[in-house]
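Asker: Line by line, the protein sequences are chains R and G.
Sequential numbering of the first sequence, starting at 183, is according to the numbering used here.
Sequential numbering of the second sequence, starting at 183, is according to the numbering used here.
Note that these hints are calculated values from the structure, not bench results.
Quantities reported herein were computed from a predicted structural model and do not represent experimental measurements.
You can take every hint at face value.
Since the list gives no way to pick out one identical chain from another, each pair is judged satisfied if it fits inside one copy or across any two copies.
Each computed DSSO-like pair below joins lysine-lysine, with the alpha-carbon atoms no more than 30 Å apart:
#1 K222 - K294
#2 K294 - K431
#3 K222 - K442
#4 K471 - K455
#5 K400 - K222
#6 K197 - K471
#7 K400 - K236
#8 K236 - K253
#9 K471 - K450
2 protein chains.
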Amino acid sequence: MKEDQDPQLPSFDFKSFMVDKVNAVNQALDSAVPLRDPVKIHEAMRYSLLAGGKRVRPVLCLAACDLVGGKESMVMPAAYALEMIHTMSLVHDDLPCMDNDDLRRGKPTNHKVYGEDIAVLAGDALLAFSFEHIAVSTVGVTPDRIVRAIGELAKSIGAEGLAAGQVVDITSDGLTNVGLDHLEFIHVHKTAPLLEAAAVLGAILGGGHDEDVEKLRKFARNIGLLFQVVDDILDVTKSSKELGKTAGKDLVADKVTYPKLMGINKSKEFAEKLKSDALELLQGFDPEKSAPLIALANYIAYRQN
Amino acid sequence: MKEDQDPQLPSFDFKSFMVDKVNAVNQALDSAVPLRDPVKIHEAMRYSLLAGGKRVRPVLCLAACDLVGGKESMVMPAAYALEMIHTMSLVHDDLPCMDNDDLRRGKPTNHKVYGEDIAVLAGDALLAFSFEHIAVSTVGVTPDRIVRAIGELAKSIGAEGLAAGQVVDITSDGLTNVGLDHLEFIHVHKTAPLLEAAAVLGAILGGGHDEDVEKLRKFARNIGLLFQVVDDILDVTKSSKELGKTAGKDLVADKVTYPKLMGINKSKEFAEKLKSDALELLQGFDPEKSAPLIALANYIAYRQN
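Take these sequences, add in the hints, and give me the full structure.
Answerer: Put into structure tokens, the structure is as follows:
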């Protein structure tokens with residue numbers, strides 16, 4: 183079943199919605215990181231940033247803002263800042279001293295093209311840029327909400343967010359007695375934090391009430407774990423060409439994954455459960471405005487790469 | 183001439199002032215990064231963060247805040263956040279793929295103790311932490327000033343700040359036709375940005391007028407370049423033991439430095455000129471409140487490591 187054929191959503195054209203939003207985000211990213219001096223680092227940043235990712239985090243941020251009644255202009259810098267951070271984490275995770283990956287989004291990884299030194303610095307610069315753009319380019323939002331958004335975003339990246347997930351992931355390689363709790367910790371910290379930040383930033387900057395912010399936080403946590411479970415499934419069921427990145431890496435690295443712990447079928451059932459739990463959290467919102475978020479959850483659940 | 187014997191400052195006890203401020207900053211850093219789960223990354227962050235640096239950036243930030251009439255509590259999170267960022271840049275610069283340094287602040291570098299993967303992640307987490315702490319822990323400051331401060335800080339780190347300096351530095355190694363302009367670009371971008379951010383954040387968060395913010399910006403740019411010129415001089419005149427880091431590295435790496443381009447004596451004269459230009463910018467401020475900044479400029483000019 184494809185996301186744009188979901189029987190629950192006859193009237194919502196998810197494909198057009200995504201194309202629209204992804205184009206807007208890509209244009210904003212293109213302007214936000216111009217090819218200026220020193221050229222090499224800007225080139226390296228643009229190489230990974232404009233490599234055609236799925237832009238799930240920016241789109242989630244824009245959709246959450248819309249859900250709480252905000253305008254797109256309030257949240258666009260935060261939306262593309264999320265992609266900068268996501269790209270930073272990919273560039274650093276791909277380094278030889280981490281996952282040592284040669285292929286990403288169907289292209290050679292950043293350090294393969296620009297060298298490890300530039301890849302480290304390009305990542306650092308992207309991380310700093312993300313905060314700069316939210317602080318300097320956000321318009322139509324009160325400063326107290328901008329400060330709150332920056333606090334949430336920063337928390338999602340650091341030693342209790344993305345970095346924590348990656349550390350525990352690295353230090354778990356080859357461990358044999360890893361259980362589901364431990365795996366969930368890794369996954370919740372590796373993918374969910376930025377998705378959570380995306381939804382929460384959209385709601386905060388869009389002017390949402392605290393209650394809505396918290397509902398969207400839970401929704402994002404669910405689809406964050408869903409994203410990772412599906413990633414694990416794709417790693418064992420798809421080829422490198424289909425994925426646009428090296429397939430079967432988890433098996434080679436002896437990584438703990440959901441398919442390894444509970445088998446492919448149970449993993450798919452678990453994904454289904456996470457998806458329906460997420461959708462339940464959207465009940466009570468304007469159905470028309472929640473359509474993109476429902477479609478996004480379906481997209482994550484049923485994506486093929 | 184030692185900084186605490188400067189004849190212009192008979193009444194200001196710089197040593198006590200520094201001990202006081204450094205203790206306050208170290209205590210704040212110790213609480214800001216507790217040893218929590220996942221332990222390994224927090225341990226790595228604390229290892230480099232609490233390794234006993236000179237804390238020049240935090241002290242400059244506190245002094246700038248005081249100069250414009252602000253309270254220490256307004257600016258403490260920003261002050262220690264600057265040290266987090268400085269530490270991040272040291273940890274990443276020391277990596278084998280960059281400067282490949284084994285010794286820092288008299289101890290083995292972060293990646294030597296925790297591995298390159300953890301060193302990259304600890305740096306990323308410190309960078310994120312710095313923004314989190316400014317956003318979440320700053321008290322007694324209006325949110326618009328916090329947003330402005332975050333924008334300034336972020337700019338100082340990214341592809342027009344620290345990262346730019348490091349990129350141009352790396353790509354200049356072994357070049358033979360590098361002139362003073364090029365060298366100044368590297369130095370201004372490698373050290374000055376964070377010192378500039380320190381002074382500017384102190385002034386902004388302390389409630390300073392725009393005019394004072396800009397005066398302090400220029401002051402910091404001057405002592406930033408001064409800092410780097412003195413660093414170049416120390417690298418060729420001191421031993422590794424005296425410096426607490428590997429000496430003579432610039433020569434080995436065939437790096438362009440001020441002593442190489444203009445000789446030791448002319449480099450010292452240049453440093454003297456930068457110092458007096460910096461001090462001129464402080465005229466017009468309350469002499470008692472500018473004493474720490476004057477002493478700091480002298481300290482940077484005459485430090486021995």
